[in-house]
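Student: If you read the sequence shown in my numbering, its first letter stands for residue 2, the second for the next number, and so on.
Hints were generated in silico from the structure; no laboratory data involved. For glycine and all other residues, C-beta sits at the position ideal for the given N, C-alpha and C. Any given hint could turn out to be false.
Said to hold, decoys possible - Restraint ranges, calculated between C-beta atoms of paired labels, are given here:
#1 Ala63 <-> Lys84: 15 to 25 angstroms
#2 Gln150 <-> Lys83: 42 to 52 angstroms
#3 Leu53 <-> Glu142: 38 to 48 angstroms
Unchecked claim - Simulated pairs of lysine to aspartate or glutamate, DMTMM-like, Cα-Cα distance not exceeding 25 angstroms:
#4 Lys106 <-> Glu88
#5 Lys112 <-> Asp50
#6 Lys76 <-> Asp105
#7 Lys62 <-> Glu88
#8 Lys111 <-> Asp52
#9 Lys84 <-> Asp52
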Amino acid sequence: MMKKLMMALCLIPLMGVAHAAEHEPKQCDDHKHHMKHKKTGDMPFYLRDIDLTATQQAQVKAMMEKRHADRKAGKGEYWEIKKAIHELTRAEDLNEAELEKLIDKSMTIKKEAAMARARFHHEIYNLLTAEQQQQLEARLEAWKQKHKQS
Numbered sequence: 002m003m004k005k006l007m008m009a010l011c012l013i014p015l016m017g018v019a020h021a022a023e024h025e026p027k028q029c030d031d032h033k034h035h036m037k038h039k040k041t042g043d044m045p046f047y048l049r050d051i052d053l054t055a056t057q058q059a060q061v062k063a064m065m066e067k068r069h070a071d072r073k074a075g076k077g078e079y080w081e082i083k084k085a086i087h088e089l090t091r092a093e094d095l096n097e098a099e100l101e102k103l104i105d106k107s108m109t110i111k112k113e114a115a116m117a118r119a120r121f122h123h124e125i126y127n128l129l130t131a132e133q134q135q136q137l138e139a140r141l142e143a144w145k146q147k148h149k150q151s
């Protein structure tokens, strides 16, 4: 009786491991972008297939580094505002004047970020030659058509 009990206690964990191997996670085909993001390095994704000169590449890289540093510096203030808003919503009494001031400040930061992003893309577009700009426009139009159908 004891041998059978010991045998059963040894086999039960092994059966669980063997059974777990049958149930591996399945790859999901429903997600169109699942694991398809490609690292583009120092270039914006939309310039990936456009041939840039070495000078253009250096300029874009410098612009990307500056933008990254600016964005990193600006994130702290935005998150502090979000934290303050969160704390206000958890307070016993809601100070609506303070809440409105924080939301206005948050919207100002978002507006400045959108303006900086637009200036960044404008500068990159103006770095391109007329031929490169046409290539970019064609790529963007193809992307729009592809995603319009989905």
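Student: Could you work out which earlier hints the structure fails to respect and list their numbers in ascending sequence?
Tutor: Structure breaks hints 1, 2, 3, 5, 7, 8, 9.
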